[in-house]
Structures are given as C-alpha cells and as structure tokens.
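Q: One-letter residues, chain by chain:
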Amino acid sequence: DSGVTQTPKHLITATGQRVTLRCSPRSGDLSVYWYQQSLDQGLQFLIQYYNGEERAKGNILERFSAQQFPDLHSELNLSSLELGDSALYFCASSADRGGTEAFFGQGTRLTVV
Amino acid sequence: AQSVTQPDIHITVSEGASLELRCNYSYGATPYLFWYVQSPGQGLQLLLKYFSGDTLVQGIKGFEAEFKRSQSSFNLRKPSVHWSDAAEYFCAVGNTGGFKTIFGAGTRLFVKA
Chain V
332 DSGVTQTPKH
342 LITATGQRVT
352 LRCSPRSGDL
362 SVYWYQQSLD
372 QGLQFLIQYY
382 NGEERAKGNI
392 LERFSAQQFP
402 DLHSELNLSS
412 LELGDSALYF
422 CASSADRGGT
432 EAFFGQGTRL
442 TVV
Chain C
15 AQSVTQPDIH
25 ITVSEGASLE
35 LRCNYSYGAT
45 PYLFWYVQSP
55 GQGLQLLLKY
65 FSGDTLVQGI
75 KGFEAEFKRS
85 QSSFNLRKPS
95 VHWSDAAEYF
105 CAVGNTGGFK
115 TIFGAGTRLF
125 VKA
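Chains as they are written, first to last, in this note's numbering: chain V, 332 to 444; chain C, 15 to 127.
Do not take every clue at face value.
Between beta-carbon pairs, the in silico distance windows are [what the hints assert, rightly or not]:
{"#": "1", "chain 1": "C", "residue 1": "Arg36", "chain 2": "V", "residue 2": "Lys340", "range": "31 to 37 Å"}
{"#": "2", "chain 1": "C", "residue 1": "Glu29", "chain 2": "V", "residue 2": "Glu413", "range": "38 to 44 Å"}
{"#": "3", "chain 1": "V", "residue 1": "Ser358", "chain 2": "C", "residue 2": "Thr44", "range": "48 to 54 Å"}
{"#": "4", "chain 1": "C", "residue 1": "Ile25", "chain 2": "V", "residue 2": "Glu385", "range": "34 to 40 Å"}
{"#": "5", "chain 1": "C", "residue 1": "Thr19", "chain 2": "V", "residue 2": "Gly334", "range": "30 to 36 Å"}
{"#": "6", "chain 1": "C", "residue 1": "Ala127", "chain 2": "V", "residue 2": "Glu393", "range": "33 to 39 Å"}
{"#": "7", "chain 1": "C", "residue 1": "Thr44", "chain 2": "V", "residue 2": "Glu384", "range": "35 to 41 Å"}
{"#": "8", "chain 1": "C", "residue 1": "Thr44", "chain 2": "V", "residue 2": "Asn382", "range": "35 to 41 Å"}
{"#": "9", "chain 1": "V", "residue 1": "Thr351", "chain 2": "C", "residue 2": "Leu70", "range": "43 to 49 Å"}
{"#": "10", "chain 1": "V", "residue 1": "Ile343", "chain 2": "C", "residue 2": "Asp68", "range": "45 to 51 Å"}
{"#": "11", "chain 1": "C", "residue 1": "Pro93", "chain 2": "V", "residue 2": "Glu393", "range": "44 to 50 Å"}
{"#": "12", "chain 1": "C", "residue 1": "Trp97", "chain 2": "V", "residue 2": "Glu406", "range": "34 to 40 Å"}
{"#": "13", "chain 1": "C", "residue 1": "Gln85", "chain 2": "V", "residue 2": "Glu413", "range": "27 to 33 Å"}
{"#": "14", "chain 1": "V", "residue 1": "His341", "chain 2": "C", "residue 2": "Phe65", "range": "33 to 39 Å"}
Capping the alpha-carbon separation at 30 Å, the derived lysine-lysine pairs in DSSO-like fashion look like this [said to hold, decoys possible]:
{"#": "15", "chain 1": "V", "residue 1": "Lys388", "chain 2": "C", "residue 2": "Lys63"}
{"#": "16", "chain 1": "V", "residue 1": "Lys388", "chain 2": "V", "residue 2": "Lys340"}
{"#": "17", "chain 1": "V", "residue 1": "Lys340", "chain 2": "C", "residue 2": "Lys75"}
{"#": "18", "chain 1": "C", "residue 1": "Lys126", "chain 2": "C", "residue 2": "Lys75"}
{"#": "19", "chain 1": "C", "residue 1": "Lys82", "chain 2": "C", "residue 2": "Lys63"}
{"#": "20", "chain 1": "V", "residue 1": "Lys340", "chain 2": "C", "residue 2": "Lys63"}
Simulated from the structure, these hints should not be mistaken for lab results.
The beta carbon of each residue, even a glycine, is placed where N, CA and C say it ideally should be.
Turn these sequences into a full structure, and let the hints guide you.
A: Given below as structure tokens:
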C-alpha cells in the first residue's frame, strides 16, 4: 500500500459527460501529480500541484482541469468526455516539489461509452 | 527532444534465470533516472532511482541498475528472477524542476516455470 488513495476505482460514463476523480496523497506529501495511462499513448504526465499551486503542466487537454485543496487532496475534472478519454488515471504524491520519489495510487479506470 | 526507449515490448525468462531490461534515454541535461514496476491492476512502484554518484544503484526486490552515460543507458538487472517478478517495468527520466517525468513504453516480463 503506497498510502495514496484514489476514488473511485472504476467509472463508466457516457460521451459528453463530466466526471471528477479524487486523490488523497500520502500523509505529509505536498506534491500531487496526475497521469493518464492508455494503450496507445502509454503513461503521460498531466499536471502537478505543490501545496495548492500548479507547479508543472504536461499533456493535459483544455477539457481537463485539476486543483489541490487546502487539505492537500486533489481532484481531476474531465469534461465533454470522448471515447478516447477512456484510460487509467493515476495520482502520485511526493514530499518535495521535484518528485524525487513519487508514490502512486492504484488508479481510476475510466470507461467512456 | 527528451525521450525514453525500452526496446523490448515483452521478455520471457525462466524462473531462476538472470534478467536484464534495457532502457535508453535522450535528455539534454543530467538526467534523473527511475525504474518502476506495475503489477496488474496496481499503480506503479518505484524500484530504484539514480541522481548522481555511484553509477550502479541498488533497489528493492533484489534489482539493480547501471547508469552508463556514454551509452545513454540505464539497464535494469536481477540475478535470479522469481515468478512474482512477472509485471510491467517502466524506465523513466526526469529532473527536479517539476515532475515532467517521461516514461518509456514499458516492458512486460513473463516468467516461466
């Protein structure tokens, strides 16, 4: 158990809908990272938050947004969902802002139908 | 451009045999290098990392990796594979400027009895 909790584990929704994925980092970790893992794109970095502020941005679509709350949990919002958004979404956390050692959650599997 | 190449999509080894998983990277600055393992339905677990110093790094579960700057490689090795090592292995490269870590496509390891 990495100490990173993601909910829900599975999500099935229709195209055009909006969903929210939640991540609770390890106790004391200030950085949260979001990743998307799909068969065709592999593991792609989406975005990083450090202590409530956006720190780094990767290949995140404009339809996607994230935030980190004062209690350090984070949410990833995916809107206007398309079939191609079906993937495994991972959250990771680390104590520092550089990600020298990140701990991954078990992921949320999103299926868009 | 920054990239990570894992030339082998899958590898099959016999239990008790030695293992080497290949990783080549392209990175402009001094890289931080990681190996992660992902078991089915699980998140990624850090096996080992290289930042600086001794180019041979030891990790968990009996794994080690050697950084060879001249070859831009960071190959993962294990002297004797166990059936429980069957999983997908990801090599990654990044820096401490933000966790824009780039992951390789992964190598799936199969272990036969």
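Q: For a quick check of understanding: which of the numbered hints are violated here, in increasing order?
A: 3, 6, 7, 8, 13
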